[in-house]
Amino acid sequence: MSNLTNHRASAVPRPSLKSRILSTIHKDWMLYLMFLPGLVYILLFKYAPMYGVTIAFKDFKIGMDIMDAPWVGLKHFADLFGRTAFLRALQNNIIISFAKLAFGFPFPIILSLMINEVRSSKMKKLVQTSVILPNFVSWVVVYGLFYAILSPNAGALKDVLRLFGYEGALPNLLASQSAARTMVVVSHVWKGAGMGTIVYLAAITGIDQGLYEAASIDGAGRLKQMWHITLPCIRTTIIVLLIFRVGEMMYAGFDQIFVFSNDAIISKIDIIDTYVYKLGLQERKYGISTAAGLFQSFTGLVLVLITNWIAKRVDPESGLI
Amino acid sequence: MANKRHHKLGAATGGERVGQVLNGVFLGLMVLVTIYPFWHVVMYSLSDSHVSMSGGVFLWPREFSLLSYQQLLSTRQLYICYRNSILKTLLGTGIALLLTALTAYPLSLPRFKGRGFFSLMIFFTMLFNGGMIPTYLLIRDLHLLDTFWVYVLPAAMSAYNMFILRNFFQSIPPSLEESALLDGANPFQVLFHIVLPLSGPALAALAMFYGVALWNGYMDNVLYVNDANLQLLQNYLRQLIAAAGAKSGTVSEMADVSAASRLTEETVKMTVITVSVIPVLIVYPFLQKYYTKGVMVGSVKG
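Chain order of the listed sequences is A and B. The numbers in my numbering rise by one with no breaks, and the one at position 210 of the first sequence is 210. The numbers in my numbering rise by one with no breaks, and the one at position 257 of the second sequence is 257.
No lab work stands behind these hints, which were simulated from the structure alone. Here the structure is a predicted model, which means the values were calculated and not measured. Do not take every clue at face value.
Taking lysine-lysine pairs in the DSS-like style, the calculated list, with each CA pair at most 27 Å apart, reads [as the list claims (entries may be wrong)]:
hint: 1; chain 1: B; residue 1: 113; chain 2: A; residue 2: 18
hint: 2; chain 1: B; residue 1: 289; chain 2: A; residue 2: 122
hint: 3; chain 1: B; residue 1: 289; chain 2: A; residue 2: 124
hint: 4; chain 1: A; residue 1: 124; chain 2: B; residue 2: 293
One-sided and incomplete, this derived list gives chain B residues near chain A with beta-carbon spacing under 10 Å [unchecked claim]:
hint: 5; residue: 105
hint: 6; residue: 138
hint: 7; residue: 156
hint: 8; residue: 170
hint: 9; residue: 172
hint: 10; residue: 176
hint: 11; residue: 217
hint: 12; residue: 270
hint: 13; residue: 283
hint: 14; residue: 295
Where a beta carbon is used, it is the ideal one built from N, C-alpha and C, also for glycine.
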């Protein structure tokens with residue numbers, strides 16, 4: 001079939017691009033029809049808002065068409081970086097993201113290595129089934145569970161601390177400035193550990209068992225096998241997940257922070273998303289809040305590209321793109 | 001020889017045995033830390049308010065009571081939110097699966113001209129997005145604010161899930177489709193009668209991914225919907241729990257016993273959390289099974 005069309009193409013003068021596109025569509029028009037809803041969805045809900053970021057460079061007012069709004073250059077960005085509240089949100093965002101990466105990223109790797117060392121398959125199954133549970137509940141429920149444990153009067157924590165001999169009054173950890181970021185990071189690790197663990201365990205399952213047998217015969221202990229076989233074999237998975245995580249660093253967790261926030265601690269955990277929400281949707285300052293959002297997604301894009309480039313430099317087989 | 005080797009593999013040195021025990025203890029603690037909060041909430045919700053007020057660890061209900069459930073289940077708003085959340089999850093998952101399959105199938109075919117361009121176009125949406133405000137303005141302009149559709153349409157397809165499904169379709173032997181094409185079947189017939197029936201596990205995994213995200217997501221409610229009749233369960237729960245956060249600036253929280261019932265605020269919260277977690281626990285065996293499989297499919301780089 002393709003031979004036939006090729007033959008015809010070489011015999012007659014090459015048809016114009018337009019007619020070639022039309023003839024392709026004519027031949028497989030049903031495939032294009034099938035693809036159409038997805039294309040419309042992507043254009044409407046993903047690309048139209050990308051056009052909408054031009055608001056960041058315009059003086060856009062409610063009731064105006066985006067096209068008609070006059071250009072103002074980088075005014076909104078200058079305004080944005082002059083605001084202490086934004087700089088505070090940016091700083092919180094970076095601190096929280098780094099802490100989440102530093103604790104949340106290695107934890108599932110360690111956990112999966114530990115689960116892999118368990119001999120009893122029942123115990124293995126129990127641990128796997130348990131640690132994934134928090135992944136399936138919402139951030140609202142996670143907050144509720146933390147509240148149930150940490151609440152100074154009605155929570156469970158005081159009995160646990162009594163076990164260790166502490167009888168004093170408990171601070172309210174969910175409304176304490178000094179504990180706020182810790183709580184955000186701890187709940188992030190607690191909720192996300194299981195998901196990462198599954199991914200790494202899946203990668204570990206794929207490792208050739210012969211490698212372990214050979215190493216064992218050569219006298220390598222469990223720790224050495226872990227370091228010299230397991231970790232190198234799941235390296236690609238680790239790097240791909242790392243690129244994803246680094247790319248998400250500008251997004252410090254809107255769903256989570258939104259529910260963890262209260263007046264007492266907002267200064268410590270206000271992030272770019274919550275800041276954009278307040279400025280844009282509550283104060284209706286569309287231009288400057290769009291500028292904040294654009295700064296966020298553009299930085300995110302740059303972070304992914306840089307991490308991907310480094311990953312490929314270090315190990316040509318890995319990398320996302 | 002075989003015996004010796006077996007001996008070597010099976011035996012653990014003294015240090016390794018200690019490692020095994022420590023490993024077991026740590027993982028046991030992990031299980032406890034993960035499961036206990038759920039257990040605590042359920043047991044608290046089943047206890048009598050006056051006894052549970054003192055808090056602490058709950059192994060079993062203290063003075064078993066269903067009063068909070070009776071109170072809660074007579075609240076009209078709970079039913080409204082439950083209905084909305086279930087409808088959102090079911091309809092949203094259905095629409096998402098259909099749209100994802102319709103998009104992924106053409107992209108899986110080498111003969112589909114423009115697949116490279118379209119794939120790149122969809123991939124780019126994973127790296128960059130317009131952000132909260134332009135999306136909000138678009139949804140306002142589409143007159144989707146305060147409608148049920150805002151829960152399902154903007155989230156109708158995830159690029160990540162689409163690529164997982166496309167990769168899965170590509171692993172199906174093309175000979176099956178070719179013979180159907182020769183019999184005169186059109187692409188829709190091939191997709192629905194041949195490809196999709198072979199994609200059961202992948203579709204189940206995607207249904208779990210979409211379903212969990214739809215059930216747990218509540219920002220769409222916060223951002224786009226004010227109508228109480230369209231409220232989602234998670235947002236209802238958030239408002240009940242966050243009420244505590246708002247006044248928790250003070251160190252001591254007095255559990256205020258409401259005059260109408262003998263319930264503490266705490267017991268009510270624990271009950272709402274329990275009620276909202278139950279659907280997840282019911283489908284948990286499926287979730288665990290297919291989610292895990294889906295993660296494995298997705299973790300293969302494609």
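query: Given the hinted pair residue 289 (chain B) and residue 122 (chain A), is their alpha-carbon gap at most 27 Å?
result: 16 Å, holds
message: Checking hints one by one. Is residue 172 (chain B) an interface residue toward chain A, by the C-beta closer than 10 Å rule?
response: For residue 172 (chain B), the interface hint is violated, since the closest Cβ of chain A sits about 16 Å away, which is over 10 Å.
Pairwise hint evaluation, residue 293 (chain B) against residue 124 (chain A), where the allowed Cα distance is 27 Å at most: Holds, at about 17 Å.
message: Take the shortest C-beta to C-beta distance between residue 283 (chain B) and chain A; is it under 10 Å?
response: 9 Å, holds
task: Please verify that hint: residue 270 (chain B), Cβ, nearest Cβ of chain A, below 10 Å or not.
output: 6 Å, holds
message: Given a cut of 10 Å on the nearest C-beta pair, is the interface hint for residue 138 (chain B) held or broken against chain A?
response: 5 Å, holds
task: Tell me if residue 105 (chain B) is really an interface residue toward chain A, meaning its C-beta lies closer than 10 Å to one of theirs.
output: 7 Å, holds
message: Take the shortest C-beta to C-beta distance between residue 176 (chain B) and chain A; is it under 10 Å?
response: 17 Å, violated
- prompt: CA of residue 113 (chain B) to CA of residue 18 (chain A), is that 27 Å or under?
  reply: Roughly 14 Å separates the two Cα atoms, so the pair holds.
field: Residue hint residue 170 (chain B), partner chain A, criterion CB-CB below 10 Å
entry: 15 Å, violated
query: Does residue 289 (chain B) pair with residue 124 (chain A) here, judged by a C-alpha cut-off of 27 Å?
result: 15 Å, holds
Hint validity - residue 217 (chain B) Cβ closer than 10 Å to any chain A Cβ: 7 Å, holds
Of the numbered hints stated above, those contradicted by the structure are hints 8, 9 and 10, listed in ascending order.
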